[in-house]
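Peer 1: Here's the letter readout for the chains.
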Amino acid sequence: MLSFIAKRLLSGILLLIVVCSGTFFLAFVAIGDPTPGLLGNSATAAQRDALRAKIGYDRPVLTQFWDWISHAATGDFGTSWRSFQPVGDQLALRVPVTLSVVVFATLLAAVIGVAVGIACGLRPGGLLDRGLKLASVVLFALPGFWVSLVLVTWFAIELRWFPAIGYVSPEVSVSGWLSSITLPSVSLALGAIVMVGEQLRNGFLQVNNQDFVRTLRARGLSKRRVTTHVLRNASPSALTVLALMFVGLLGGAIVVEIVFNLPGIGSLTQSSSQIGDIPVLMGLTAVTVVFVVLVNFLLDLVLGWVNPKVRER
Amino acid sequence: MTRTRTAALVAIAVAAATALAGCTGNAGGTAGGSTGGTSGGGQEITELKAGVFLDVTSWDPAVADIGFDGPYMSAVYDPLVALDNSGKPVPALATKWEWSADRLTLTADLRTGVTFEDGQKFDAAAAVANIEHLKKGVRSGQAYLNVSGATAKDEDTIEIKLTKRDDSLLYFMGLGRSWMASPAAISAGSLANGPVGSGPYTFDKANSAPQSQYVFTKKADHWDTATYPFPSVKLFPITDQTASFNAMLSGQLNMQFANAANLAKAKENGWNVASKPSSWVGVQFADRTGAQVKALGEQKVRQAISYAFDSAGILQAVGNGAGTATNQLWPVDGGVYDKSMDTKYKTDMAKAKSLLAEAGYADGFSVKMPMSPIFQAWQPAANQTFGELGIKVEWVDMAMPDYQKNAPTYPMFLAVIAMSGNDMATLSDQVTTAQWYNPNPSVDKFPEVKALVDEVEKADEGAAQTELLKKLNTKLVDLAWWSVWYQADNTYFSVKGIKVQPVTGMMFPTLRFIQRG
Amino acid sequence: MTTAPFPTTLAPVRRISLLRRYLRRPLGVVALVVLLLVVAAAVLAPWLAPFDPNFVTFKIVHADPGNGHLLGGDSAGRDILSRLLYGARTTLYGAVITCVAGLLLGVPAGVSAGYFGGATDRICSWISDALQSIPGMIVLLVVAAGTGQSFPVLMVALGVFMAPGYYRISRARAMAVRKEPYIDAARVAGVTNPRVLRTHMMRAVYAPIVVQTALTAGIAIGMQAGLQFLGIGSASTPSWGQMMNDGFNTMLTYPKILLWPSIALGVTIAALAFIGSTLADLISIRAEQPNRRARARVRQALAAPAAADLPDRETSGSHVHAIEDCALRVENLRVGYATNNGIKEVVSGVSLDAAPGEVLGIVGESGSGKTQTSFAVLDLLPSGGTAVADGIWISGREVSKLSSADRAALLGRSIGYVPQEPLSNLDPCYTIEHQLVEPLRHVHGLSKADARARAREVLVRVGITDPERVLGSYPHQISGGMAQRVLIAGAVSGRPSVLVADEPTTALDVTVQAEVLELLRELQQEYGMALVIVTHNFGVVADICDRVVVMKDGRIVETGLVEQIFRAPAHPYTAELISASLDDVAGRDELDQGWAPAHAVAGGEDDAR
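Chains as they are written, first to last, in the working numbering: chain A, 266 to 578; chain B, 14 to 530; chain C, 267 to 875.
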């Protein structure tokens with residue numbers, strides 16, 4: 266078990282380093298000289314040189330990379346090239362917003378998705394099952410912002426149950442926080458619920474066809490007890506989908522952040538990539554990958570617990 | 014620059030970019046004293062909830078932008094100089110001022126009895142420290158290019174020394190370049206973490222969420238308390254116009270920076286609508302001397318392009334009708350603008366073609382133009398008009414930072430450029446000094462223009478100067494210095510009970526321009 | 267067998283039949299037609315579009331449909347229909363780039379990883395996992411910012427992020443196919459690795475890849491529109507994402523501008539999704555379950571056969587004991603499955619019986635219906651299977667008319683089951699102890715301590731010397747022979763009166779086989795059970811059985827005492843089986859596995875997302 270944990274951690278750290286290096290060099294090659302984007306073109310050559318010196322862009326790329334990664338390893342992501350604020354401060358503001366929404370959406374997806382998945386798995390071909398299949402296609406086909414807009418129109422503008430925009434920190438008001446993340450989380454969760462449900466339902470049916478289920482039934486175990494066995498065996502694929510979804514939502518919630526005007530990492534990613542603020546981009550990459558690694562690690566632990574065979578791979 | 018999408022948005026975003034890039038001034042003018050702000054009417058609304066397009070850039074006045082930072086800064090800082098509705102500098106912390114005869118020294122009397130939130134006193138020494146800080150600032154420095162320094166004459170008088178006559182200095186100070194911060198915070202370098210000013214409101218940090226919502230509470234004993242009617246102010250940076258409008262519809266906002274496309278809905282809801290010219294839209298001839306593309310050096314070719322465009326149509330279609338079709342870029346509500354000249358390039362494709370032929374380009378010519386997603390609203394019309402005229406345009410797609418980087422290297426490009434509320438500032442921003450959007454002013458290559466500019470810059474401020482500017486304006490239009498299509502308005506919606514007075518030059522007006530009514 | 271829609275061996279004709287079977291699905295056909303229409307619209311856009319998509323007429327700005335502009339004008343004054351048609355080109359072009367990029371990267375890597383395994387597999391899988399962990403949006407935005415908004419480059423970048431989907435599915439297929447005999451045969455015959463990969467492997471992954479491509483194209487189109495919606499991509503080419511962006515900003519005032527491109531996008535993606543899911547159904551990536559109506563139909567057909575079939579439907583086999591003396595008695599049992607080609611009957615009228623203390627062998631080749639007969643007796647037929655009988659008696663009680671809940675109540679108490687493949691019949695997620703104790707506690711009502719003691723006791727009884735270690739182990743930690751002993755322990759711990767053992771020794775090593783048979787025999791005598799052994803092997807019959815039933819094609823061809831059958835087989839098929847069993851004891855394992863692997867594959871494609 267210990268070596269399993271160590272191996273997964275090591276692999277995660279390796280992933281972190283590889284992805285960060287890749288993004289760093291990609292950003293350098295793709296963005297090029299960032300000073301026009303940062304200063305605007307009215308800036309004189311002298312001002313640009315000054316900025317380049319200030320942000321250390323005049324040094325060789327490898328030196329800059331080493332500088333970044335050695336500091337990042339200690340948790341220091343440097344300062345933004347635009348605002349000259351520590352990148353860490355920016356992230357500290359932005360990450361909780363996206364994380365709140367994404368975690369809440371993931372929880373919704375997990376709870377409702379599992380319920381839906383089991384219900385459909387128990388009655389394949391039933392009304393709910395067919396509804397799920399239809400919902401999966403419809404949600405897959407709808408443009409991303411549609412669900413959000415419908416939710417806003419109903420629950421924010423018409424009923425005024427939830428705010429149409431904005432994010433309230435839980436430090437200011439817990440109820441305000443919950444109410445501010447409800448609509449965005451639900452719009453993200455709908456697609457996820459369907460995907461988790463589908464995955465679990467398929468996994469459920471697939472496990473149901475396995476030999477040991479027949480044997481369990483042959484022992485006289487009740488349907489509920491057999492279902493517990495089936496569920497445990499079917500859960501890895503659903504959990505994996507849930508983890509993948511978390512990763513996807515973390516980086517891909519941009520449209521929801523726009524519609525609900527959330528100051529999350531999606532919009533920060535977009536604005537920093539446009540102006541070429543590499544330290545902020547790198548901070549975002551690092552933090553996102555750390556979360557991805559953590560979630561994958563957690564997933565591995567859970568999978569290892571669910572199915573001990575995994576631990577010994 | 015953050016992302017932007019609609020036509021209206023595009024104008025704004027670019028305007029914001031240019032506003033922060035285009036703040037140098039070097040012409041003349043004296044300060045007139047007039048009362049600032051409008052006074053309020055209704056009593057019901059106690060909280061202003063305003064949707065601003067962009068987040069505050071920085072709480073440090075030296076790093077802040079003029080564009081959309083106005084409402085944030087004006088809540089917590091007092092300026093030395095403010096502007097009135099017509100864009101004229103009016104007293105604030107500086108109660109009066111006087112230029113020396115050579116206009117190289119500005120002497121200003123300061124308000125007494127004002128203290129900063131950290132207990133520091135506002136006095137001459139504090140003002141000098143602020144001006145020096147602003148002069149060194151990355152963004153604010155551009156307003157003080159011609160200022161060599163400031164000294165305290167006595168406890169409540171300062172002297173600002175200039176190296177060169179600069180008639181737009183007070184305008185820029187009033188626009189948002191003279192916010193006074195605590196000298197202790199300046200020397201500690203702590204302004205970036207939060208404002209320390211003497212403004213009419215206190216920043217309620219505990220209830221604010223940076224980049225999402227800023228809460229301000231009114232001070233009981235501010236010296237200008239009558240100008241600020243709302244006990245509480247909340248500012249929400251919302252870039253997406255649909256999100257902003259939804260917030261307005263749901264009652265989360267009671268005032269917003271608006272998209273003119275939603276005008277009909279706003280009227281349906283019975284909201285107040287205010288608008289004012291903010292940016293000019295058209296074609297910028299970066300190569301008006303013909304150095305790269307010989308054709309553009311021909312006056313007739315540039316005129317032909319001006320004739321070819323259906324400005325009114327583009328304004329209606331792309332600009333949602335929010336603006337004024339004109340071929341000039343001094344504000345249509347100002348003194349230099351000459352309405353009678355707007356008929357000069359009345360859309361006439363036949364005339365355009367014949368002009369092109371007269372210039373020797375009967376078969377047209379080819380040119381490369383840069384294109385960025387945020388300009389794409391105008392591209393179809395531009396491409397089509399150029400095509401009909403016989404000018405073959407090859408569009409080069411690029412992202413916005415690249416656009417700023419590269420656009421000036423192309424002979425001409427589509428422009429959405431912020432305007433100034435001050436006529437002399439307009440002259441310097443748009444004609445005489447190099448800007449990213451005007452890389453080759455090339456005034457020297459046009460002797461008639463050069464002569465007029467010299468005259469204007471030497472003239473006494475007031476009617477005489479305005480007359481000369483009018484002559485210059487006529488000349489520039491005749492030369493087709495630019496092909497201006499229209500002046501785009503910034504539009505603001507507010508619920509009944511709140512009235513907004515927009516100011517050309519500010520993308521979002523400071524709080525003194527938002528009143529009950 | 268009936269429920270193996272996607273056998274592991276792929277005949278070349280499969281492509282044709284896949285298409286033909288696809289065309290029989292109405293939803294699939296509609297989706298395909300829609301997609302073809304979109305493709306046609308894209309290809310023929312220059313001829314179909316009434317206007318130049320970029321032609322601006324200010325008078326149609328925000329215009330409602332009409333005046334020759336079927337869908338009206340957009341906010342720049344361009345004809346929306348024309349832009350939709352041209353936008354289809356951009357959309358499909360982008361989707362093709364993305365899919366091709368994903369395919370070219372993912373499939374060869376996946377096939378190699380699955381085929382070669384080892385380091386290749388580990389490295390490729392790590393890269394694939396890494397790709398899925400990358401915040402793709404950051405990279406796409408950086409790429410967009412850096413490449414001057416180059417559309418093809420962006421779509422290739424998107425394709426890179428789609429590659430893991432292709433990788434995982436082709437790796438899974440390649441791993442499954444690699445174990446197939448014909449791959450080994452090819453390699454033995456000296457076919458080089460590249461050729462095996464090119465011919466056999468590519469053919470094996472072909473069908474799932476088509477499904478994956480339909481899904482990937484849908485995702486790619488959605489992502490592409492999303493990027494364009496965010497203002498990324500070429501400004502001068504019409505695209506659906508751009509049109510939605512345009513519509514989004516004026517949606518409160520002019521909702522139709524947003525509506526048209528959303529419909530176009532939604533319909534196209536939905537068509538791809540339906541094509542994907544229909545194909546997935548056909549190759550059984552998504553396991554379809556027969557509904558209640560289909561089961562009723564099978565029941566109907568089995569119970570009331572068409573008149574023409576009647577001669578074939580006579581009961582086969584016979585009874586030798588009186589009903590009250592039987593531990594098990596089956597009369598005229600029929601088992602059928604619903605398939606796309608109608609109802610397939612696998613057991614056609616079988617009668618047999620076994621008395622307490624008697625060992626009955628059911629012998630036959632794979633497909634003879636012997637296993638189906640035993641499952642029908644247990645009421646544990648795979649989903650889709652339906653059994654009808656004139657009567658089934660267990661311990662002298664007629665059970666065939668009982669509700670399924672009452673039938674289930676017999677399991678573990680009156681009738682026990684020992685399966686064929688020991689390891690796949692233990693739940694991999696639970697310890698042996700849990701699996702033995704759970705039924706004792708919850709079926710037989712023992713206390714936790716009693717159940718544990720009993721489990722230990724039974725384990726010792728079935729010949730396990732270190733029961734504590736085995737109890738604490740997970741199934742993958744014990745050997746096959748040990749697992750079979752555990753299963754036998756599980757089956758007899760409830761002291762049933764009938765024990766059905768389905769090929770209990772086939773999966774075991776030859777040395778263990780005899781021990782297990784011996785154990786079964788001992789237990790059967792000790793508990794006085796009727797033991798029904800299903801086997802293809804007359805060796806087993808000779809070892810243990812008292813009486814034997816020989817089955818062929820769902821019917822009993824011969825019944826009798828073992829000595830009698832061996833001495834003088836009445837049916838030539840029996841003789842054939844006997845001689846085959848004696849010639850070749852171990853080499854015929856595969857024969858009877860036709861059923862199991864087919865199922866494993868049917869549900870094994872969890873990578874299809």
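These are calculated hints, taken from the structure and not from any lab test.
On a predicted model such as this, the values are computed, not experimentally measured, just so you know.
Fair warning: there could be bad hints in the mix.
[As the list claims (entries may be wrong)] Chain C stretches covered by chain B per the calculated footprint, using a threshold of three residues with CB under 8 Å from any CB of chain B:
1) 320 to 326
2) 511 to 518
3) 787 to 800
Where a beta carbon is used, it is the ideal one built from N, C-alpha and C, also for glycine.
Peer 1: With a C-beta cutoff of 8 Å, work out whether three or more residues of the stretch 511 to 518 of chain C approach chain B closely enough for the coverage to hold.
Peer 2: That given contact holds, which follows from 6 residues of the stretch 511 to 518 of chain C lying within Cβ reach (below 8 Å) of chain B.
Peer 1: How does the stretch 787 to 800 of chain C fare against chain B when you require at least three residues with a CB closer than 8 Å, holds or violated?
Peer 2: violated (count 0)
Peer 1: Quick check: the stretch 320 to 326 of chain C, covered by chain B? Criterion 3+ residues, Cβ under 8 Å.
Peer 2: The restraint on the stretch 320 to 326 of chain C holds, since 4 of its residues have a Cβ under 8 Å from chain B and three suffice.
This entry does not satisfy hint 3, going by the numbered hints stated previously; all others are met.
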